[in-house]
Amino acid sequence: MMKRLFDFIKSKKELPDDFAVERGMLVFDNTSEVIRAEVILKKGGFMIKVMGPPPEIRTGCDLVIEFPLIEQLNIIRELKNAGLEPLNAVPVSSPLLKPVDLYQVKDFGSHLMVRAANMKITIEKDSLKIVNISGGGCPDVPYLAGRMIGETLSSAPEPRSIGHTLCGYSLQLAYEEIKKRCSQ
Amino acid sequence: MLAVAGTIPDKNLPLVEGKVSLQGGNILISNTAININRGTAALLGAAMKTLEFMGKPLPYAYLVGDIGLGDGSRKMYRHLTEQLPKKEFNVITFHYAMPDVDWFNKIVFAIDEMQQRPLLVADAGSMYAAKMSGQSPAYEIFTPDAGELAFLADEEAPHPFYTRGFILHEDNLAPELIKRAYENDNAAKYLLVKGSTDYIADKDGIISSIDSPKAEAMEAIGGTGDTVTGIVSGLMASGMSTKEAAIAAAKVNRLAGYYADPTPATQVIQIIEQIPRALQEVFG
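Here the protein sequences line up with chains A and B, keeping their order. Taking the working numbering, the leading residue of the first sequence gets 1266, the next gets one more, and so forth. Taking the working numbering, the leading residue of the second sequence gets -10, the next gets one more, and so forth.
With the rest of the complex left out, here is chain A (with noise of 0.2 Å):
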């Protein structure tokens, strides 16, 4: 019953896909501070959603995040006090593009491959070593690559805690899916 009750609590701290409440959206300089500040909000109990900005303020390799425009004062209060503060903070007039949520899983047998839009990560099965990363486009990847292959699941820095980009971004979701996979 209490793990139910967590479990629920635990959920509410994501934004619903059609959660009506007016939303906004932080920018901020790159892409690393947005996955700092993610980190920073989601261990604050605040509901926000990384997400692609509107065109109007795309360059090639954006994220923002999305958050109920009534704790504007609080999540940037909390943002203050971790050091981090975004460009810009305004009001959300048009959808916003939703990051990849679908994964493509491979059994070689002895080995195990999840990929996330164009990310790829392989794990062998017994030892849980990471054995290759491939696919993505950004600098971080040969980066996140030669940081990881070697290590197992539990070793490896999380391509967030290391990575800058959305292919970064990518590969954490990967590496995500293949660790709830081998804990299954």
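Simulated from the structure, these hints should not be mistaken for lab results. Fair warning: there could be bad hints in the mix.
[Said to hold, decoys possible] Label-pair ranges, simulated between beta-carbon atoms:
no.: 1; chain 1: A; residue 1: Thr1417; chain 2: B; residue 2: Asp193; range: 42 to 52 Å
no.: 2; chain 1: B; residue 1: Leu11; chain 2: A; residue 2: Ile1322; range: 41 to 51 Å
no.: 3; chain 1: B; residue 1: Gly13; chain 2: A; residue 2: Ser1392; range: 23 to 33 Å
[Stated by the list, open to error] Below, simulated DSS-like cross-link-like pairs (lysine-lysine); rule was C-alpha separation at most 25 Å, straight line:
no.: 4; chain 1: B; residue 1: Lys203; chain 2: A; residue 2: Lys1390
no.: 5; chain 1: B; residue 1: Lys8; chain 2: B; residue 2: Lys75
no.: 6; chain 1: B; residue 1: Lys232; chain 2: B; residue 2: Lys178
no.: 7; chain 1: A; residue 1: Lys1308; chain 2: A; residue 2: Lys1445
no.: 8; chain 1: B; residue 1: Lys203; chain 2: A; residue 2: Lys1371
no.: 9; chain 1: A; residue 1: Lys1390; chain 2: A; residue 2: Lys1371
[What the hints assert, rightly or not] Calculated Cβ distances over 10 Å to all of chain A for the following chain B residues:
no.: 10; residue: Val5
no.: 11; residue: Ile100
no.: 12; residue: Ser201
Note that beta-carbon positions come from the ideal geometry of N, C-alpha and C, so glycine has one too.
On the provided structure of chain A, position chain B as indicated by the hints.
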């Protein structure tokens, strides 16, 4: 001559340019040794093996350190816009870089100022920027994998991270996605789509499909897309037509993978080492 522009995952590497050479498992550029195990260095390794085999000059490269913050990419973009109008290359390949639409538009303008317009190849982040800038038809060839093809087919996605699920779904076959990418002007003149079957296509449809030899494990190996881009770039720079180069590159890359006897844990350097043998079989 082939020119290659891309980033290296070393934040201490300054912008370097010059002719590259091979030394063991490294490429040498401006007295700097760079490991060729992944990314743009792997593309260069494959291109060099190809050009050596074809008896043509080794490539000229513009490389810079960037671990994802975009600082190195921006330095490289600025440098390219200043330098390219003064240079002569028959092929320029753009590879790992922070996708930035504004800078990519400036680079296309700089290329327009070159005395003879080179053929443009784009893969990885450079292909994302080319698509998002609406300049895809200005490129000679893109080399997407399955996930990237879905991104090219999705007219609304500015990055593969935002490819919509109904397009990304694995029931969608490559030929349909290729058609959709061309319908929306989001493909280069040619596409070389890497996958369990490789497709070479243009606006009129599939030109060739290559599905053997088949090594299932290739899909998991990081850098196998970089090698096919390097091979096709090398073949185009040696004077082959884009269509013939793309068909041959797909065959050579598959053969090199097959000769490496790959598992999902194989590293791409083992495949690069097999490229001369594969070239010999295709062209010998």
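Comparing the hints with the structure gives:
For Thr1417 (chain A) and Asp193 (chain B), the hinted distance range of 42 to 52 Å is satisfied, since their beta carbons lie about 48 Å from each other. Range check, Leu11 (chain B) to Ile1322 (chain A): about 43 Å between beta-carbon atoms, so the 41 to 51 Å window is met. For the pair Gly13 (chain B) and Ser1392 (chain A), the supplied restraint of 23 to 33 Å holds, since their beta-carbon distance comes to about 29 Å. Taking the CA atoms of Lys203 (chain B) and Lys1390 (chain A), the gap is near 23 Å; set against the 25 Å cutoff, the hint holds.
The hinted pair formed by Lys8 (chain B) and Lys75 (chain B) meets the criterion: a straight-line CA distance of about 16 Å does not exceed 25 Å. Annotation: proposed proximity of Lys232 (chain B) to Lys178 (chain B) holds, straight-line Cα distance about 10 Å (limit 25 Å). Taking the CA atoms of Lys1308 (chain A) and Lys1445 (chain A), the gap is near 20 Å; set against the 25 Å cutoff, the hint holds. For the suggested pair Lys203 (chain B) and Lys1371 (chain A), the alpha carbons sit about 16 Å apart, so the restraint of at most 25 Å is met.
With a CA separation close to 12 Å, the supplied pair Lys1390 (chain A) and Lys1371 (chain A) stays within the 25 Å bound. No Cβ of chain A comes within 10 Å of the Cβ of Val5 (chain B); the nearest lies about 15 Å off, and the non-interface call holds. The claim that Ile100 (chain B) is not at the interface with chain A holds, since no C-beta of that chain comes within 10 Å of its own (minimum 18 Å). No beta-carbon of chain A is positioned within 10 Å of the beta-carbon of Ser201 (chain B); the least distance is around 19 Å.
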